[in-house]
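Residue numbers (this note's numbering), protein chains in the order written: chain Y, 1 to 396; chain L, 1 to 396; chain V, 1 to 396; chain X, 1 to 396.
Don't read these hints as lab results, they were simulated from the structure.
Since the list gives no way to pick one copy over another, a pair counts as held whenever it fits inside one copy or between any two copies.
With a straight-line Cα cutoff of 30 Å, these simulated DSSO-like cross-link-like pairs (lysine-lysine) come out:
hint, residue 1, residue 2
1, K274, K382
2, K274, K258
3, K338, K80
4, K227, K25
5, K39, K26
6, K314, K382
7, K41, K25
8, K174, K251
9, K45, K25
10, K45, K124
11, K26, K45
12, K382, K95
13, K166, K80
Since we're looking at a predicted model, the values are computed, not measured.
So you can see what is in the structure, the chains are spelled out below.
Number of protein chains: 4
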Amino acid sequence: MQNNPQQSIGMQHQMQIYLQGLQQKKTSIPIRYEDLEAKAKEILKPEAFDYIAGGAGAERTMASNINDFDHWKILPQMLKNVESRDLSVKILGKKFPTPLFFAPVGVLSIAHPEAEAAVARAAKSLQIPQILSTVSSKSLEEIGEIHGENPHWFQLYWGRDHEFTKSLVQRAEKAGYSALVITLDTRLLAWRERDIQNAYLPFLLGEGLTNYFNDPVFRKAVPEPEKNTFQAIMHFAQLFSNPTLTWNDLKKVRRYCKIPILLKGILHYEDAQKAIDAGVDGIIVSNHGGRQIDGSISAIDALADIMTEIDDDKIEVLFDSGIRRGADVFKAIALGAKAVLVGRPYAYGLAVNGEQGVKEVMQNLLADTDLTMGLAGCKNWKEVRQDNVLFDDRPL
Amino acid sequence: MQNNPQQSIGMQHQMQIYLQGLQQKKTSIPIRYEDLEAKAKEILKPEAFDYIAGGAGAERTMASNINDFDHWKILPQMLKNVESRDLSVKILGKKFPTPLFFAPVGVLSIAHPEAEAAVARAAKSLQIPQILSTVSSKSLEEIGEIHGENPHWFQLYWGRDHEFTKSLVQRAEKAGYSALVITLDTRLLAWRERDIQNAYLPFLLGEGLTNYFNDPVFRKAVPEPEKNTFQAIMHFAQLFSNPTLTWNDLKKVRRYCKIPILLKGILHYEDAQKAIDAGVDGIIVSNHGGRQIDGSISAIDALADIMTEIDDDKIEVLFDSGIRRGADVFKAIALGAKAVLVGRPYAYGLAVNGEQGVKEVMQNLLADTDLTMGLAGCKNWKEVRQDNVLFDDRPL
Amino acid sequence: MQNNPQQSIGMQHQMQIYLQGLQQKKTSIPIRYEDLEAKAKEILKPEAFDYIAGGAGAERTMASNINDFDHWKILPQMLKNVESRDLSVKILGKKFPTPLFFAPVGVLSIAHPEAEAAVARAAKSLQIPQILSTVSSKSLEEIGEIHGENPHWFQLYWGRDHEFTKSLVQRAEKAGYSALVITLDTRLLAWRERDIQNAYLPFLLGEGLTNYFNDPVFRKAVPEPEKNTFQAIMHFAQLFSNPTLTWNDLKKVRRYCKIPILLKGILHYEDAQKAIDAGVDGIIVSNHGGRQIDGSISAIDALADIMTEIDDDKIEVLFDSGIRRGADVFKAIALGAKAVLVGRPYAYGLAVNGEQGVKEVMQNLLADTDLTMGLAGCKNWKEVRQDNVLFDDRPL
Amino acid sequence: MQNNPQQSIGMQHQMQIYLQGLQQKKTSIPIRYEDLEAKAKEILKPEAFDYIAGGAGAERTMASNINDFDHWKILPQMLKNVESRDLSVKILGKKFPTPLFFAPVGVLSIAHPEAEAAVARAAKSLQIPQILSTVSSKSLEEIGEIHGENPHWFQLYWGRDHEFTKSLVQRAEKAGYSALVITLDTRLLAWRERDIQNAYLPFLLGEGLTNYFNDPVFRKAVPEPEKNTFQAIMHFAQLFSNPTLTWNDLKKVRRYCKIPILLKGILHYEDAQKAIDAGVDGIIVSNHGGRQIDGSISAIDALADIMTEIDDDKIEVLFDSGIRRGADVFKAIALGAKAVLVGRPYAYGLAVNGEQGVKEVMQNLLADTDLTMGLAGCKNWKEVRQDNVLFDDRPL
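Just chain Y, same shape as in the assembly (with noise of 0.2 Å):
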């Protein structure tokens, strides 16, 4: 048990904090996460805090997010030995220690001023892997030298100039990254009520757009943005999104991007049949955190249906969306996901105690997933997907 600390970190994690209780030490954060949102909603300037935690219209999709987990529900089996718990996943043919990675969460500057760097810092003390936003605040460059050896990903905001885009992934390349994380559903700004109500988006005030800013091909067309920022930007929003790309388009990235593909915001199962189609290695089953269409269907409903569509075995399905406890990771990858991204979980930690706040989020959310495992009869995920622990509560 104490030679692979990953297989007991459920207990060793709840141990040590009840141990530290002893001695009247608290944890960082409040462990509940609705708690951990209203802890932050305090210490953010409220436009931030609007940013983060909202979502498209009327944000019934956000909340379906999470309330549709219980459309399943776990079958937990006795007497099995789970001493010897493994949470590691193989995505693309590489070993993780556990089945989550940091989703791409843009300017977290206004959450933190050590932003991505204080997450990335925390990611690689847990081995686990970033994927880091085009739109972050420190530089791809800067964060991919802080993670080293520790796996990261790069996001791309595929936009309108193909020489900036080419350029964006050759720089991600270089600098370590070792996978592409297409991001689908943005090719339009969504219609976000809170942050049209508060007339707040960061990327005007200059937040966000160090990548472009930093970047050769954005500079040739937009010398010293730094100094002539209004032209930047307004450039930077012209390059952002771009609503022509089509599935033909990807060949193009494809040709000069060296590592693996994944495309984020898959929700349609005929999509999802696209994408082996297309040959890509993976995709992110995602709704954006329920920030980009409301109405539309909840990730992990999208993502029921998606598995009951492909064949599974053509490529790698990760999932995004409403991860907050141990259920909902377990949950996930028992309907087939093979790993999860967590968002707003770890903006919030930032938020409230930087990368201290960042890792305890992600011991908290590690520990609860591996108890989770272990109660529900499971020493690893191939059990949890093979063993009939899940129970679908719609009336059939």
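Knowing the structure of chain Y, use the given hints to seat chains L, V and X on it.
Leaving out everything else, chains L, V and X in the frame of chain Y:
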């Protein structure tokens, strides 16, 4: 993209709000519908607010008008070229740039002194048709003149005096109204508990009777209604509705009415078929915003049932009751409606900021609709209906 | 229309309220049921309010009595001539102008000093039958005299002493009660948590025992019960209910009872069939307003099941438990009930404003019912049952 | 009726409360469960209350343990002779006067200084068996002595040291415990967010370790644990649970254990079958009150599924998790359980008023159960199971 401003209304409109935000300029009305309603409640006299906001009985149908949209979920499709989006619809052979209509809402003088005139000006500036209520505060002639070439329809409360009805219809035709919307679901005054509690019915105070008082047929019965107010109001009350009318009586109106006729208030699929058989030009599926029969089916569920039962090549189907956001517009059209009517939202916009408030409400809704369509992967309504982008949430 | 005031009660009643509103006159009781209950709570002693408002156990069945009406939705039909509406029903060969009955509610003295007498006067003025409770505060003879020709029924708590039961029935017959309603679901005192918390049972304070204390059989057992109060109350407690009674025992009552017999408290479809087999005249589907068995089926769901199982030509079916508004009356009758009993609403009306309060509650409900019927496109209950105006919301 | 006080406990108990009410005497604890919990919250230290009241994760399973009882509805039957009711059950060949058991609840010293001893005295006075927790605050010998002839079972936390386990079992047998309940669902410490937030685990403060500290095997490992507290606690922590145990290991216990064995924590229908195959005497369907795996199936849904799958002649099935009221007891037994365990309710009764509080909680629940059975038309549990008194609310 710049050529047709309609195609990118979603991006342009919100970008304008964000850019104004940089100069500390906020929108003149709250963005969220719930906040807008709360703001209107602050501004209006309590009984006027209740008259607009309230519904029949326990207001359960009013609530289900909103909630039942969740029976359907959008399944967005990625990587389709959606840059040039077209929100236009074709109804009765005529093209309209957007699928939105101003629903007939009576006595808008209780919301704002400029009443329907402010709405007409906002409608004209947005090229959105207004359906003027029989019980408007401003005369149908005044409103018709504001619109000029902008399409405007006339809503008819089909009452007891056929001569008066004929007079109204002919005045509407003369004033350029290009369709007649006959409301069927108000042949009795509904049991609206808020109004009854307040003992408030604006018509009894002489509000909303302009089209009666200035009508030659009405003035034959009650000369100088402006002076003989009580007598005139009582005559109105007698005329207003007519519970004896049947499908056969439609023929009389059809005989002299030269413009297309639509029937508003259809909920039963058998009535939709009867409307086809009666040879009318369109139906508007509606439960009058939950204001007439509590306990009745929600409008969106009724629409879904009707579209399953009828051959919609034979009649134009519009939708009313519950539209608050772009997702609602999208779902109603995906289920088969050609266009949708918007009611309470613009009445609140009017209450909060007159013409400008009305305009912003519709711009916001239009932007949200445009973005929802684009983000769902569709560039026109035909694609919305043909592609498999809607999912019935109810267990199969 | 003026000939039969019943036919337009909905329009007349609300128009009167609106016209009175012009003179600043408000109704004497709140219009909304929820407001009426809140007002009664302000006025009554806490334990009296709890006795009336409360239910058994966790009050889940009490809540589902209201909520389960949403299982059915009204599908209104347009353009039917509904001017001359007829709310009358025919029960046991007798015509009643409305489908409403005053449900038996005991010890109304805790709500108002005039108790059942105020109810009787209101009932008479509206031509609505009252079902007087065995445990009324006023004697059955006094109430019978108030009614005179107005139909009134007697509710029987069928207890341990057959002679006393027979005496009660014969007194009721003599006092002009035209049917006997035997309550079956109170053979044990239910676990009503509010009353137990308050340690409040009005009968133990001598309330509601008039029909016992003035009965010759009872006085044989306890002479001068007015003086020997404790002894009399204890004798009542022993008599009150009888959990040994079975279907066979009904024959005894049937033998001497000359008026029709209805069984109140049927929930199981097998019991409905047994009632037919036992030759009783009617059943009242009811769960005693959620006051007897928490966790039991809601009354409206029970009604739907029973109507599916039995041949309702063979027995009169009435409905009780949960009627608050016109839509509820409409749905119960559409599902097959001949008439409905109203309980708590009039008890609150009595508490708030005595006879006038009772009258207004029933007028409001009647107006709401009348308008719901008319707006649904029906002019009598036969049409409601034959036409396809109800929709089962549950997935098929 | 007077002969067997058990048979009319419902009527007797509540009548006593009402009669005491006449003398202004109130019950010593709140009647409603929700009020009782609120009262306990007032009295207890926050972290002690949270320890008792809380559950795992987001406490969704804890909530569904209560709410899912609504999946079934009672269909009462009228006019059956239910005077002489019999609440007794037969389990493992032994008759128990009621179907209630005191669930094993650990460290009751945090609720009240008399802890499990107060419970034992209340249990004895009501002839209800107590299942004593391994981590009781009072020694199993002390509790066994209080019970004497009253049936008492011992709950086993089956840990890492087989000698210690054997010692515990043999001490329990010697102290008169007549069955062994092996808890299966606690082989890892669950992720209980309230406790982790409070950094409060009573065992680490030395609470609830009496049966460890006074055990000869334990004392061999840690001599004088009262003095070497920290060392003793750490040894306990190591011993406490054992995630390596499998169905095979049951045989070892079976070999030396002379009393019947029941397995507590079964949720999966396949595990129920495995228990039969393993030859144990009974199972207790339970999710540990929602304290172990959030996201798992509710206990009552699990019971229903298990009873459908297994042959219950071959094993005794008891139920635990969510019992709050008589309707819950009724439904669990109607679905097939032989008896039910009650946990938090009595812990709150203990907190609020010691032994007397415990007694009243159980008397109230028993009275409610008795009345529910009688009012449903059943006079014993056999009738409950055979008659058609339960209705599955879920669409078929």
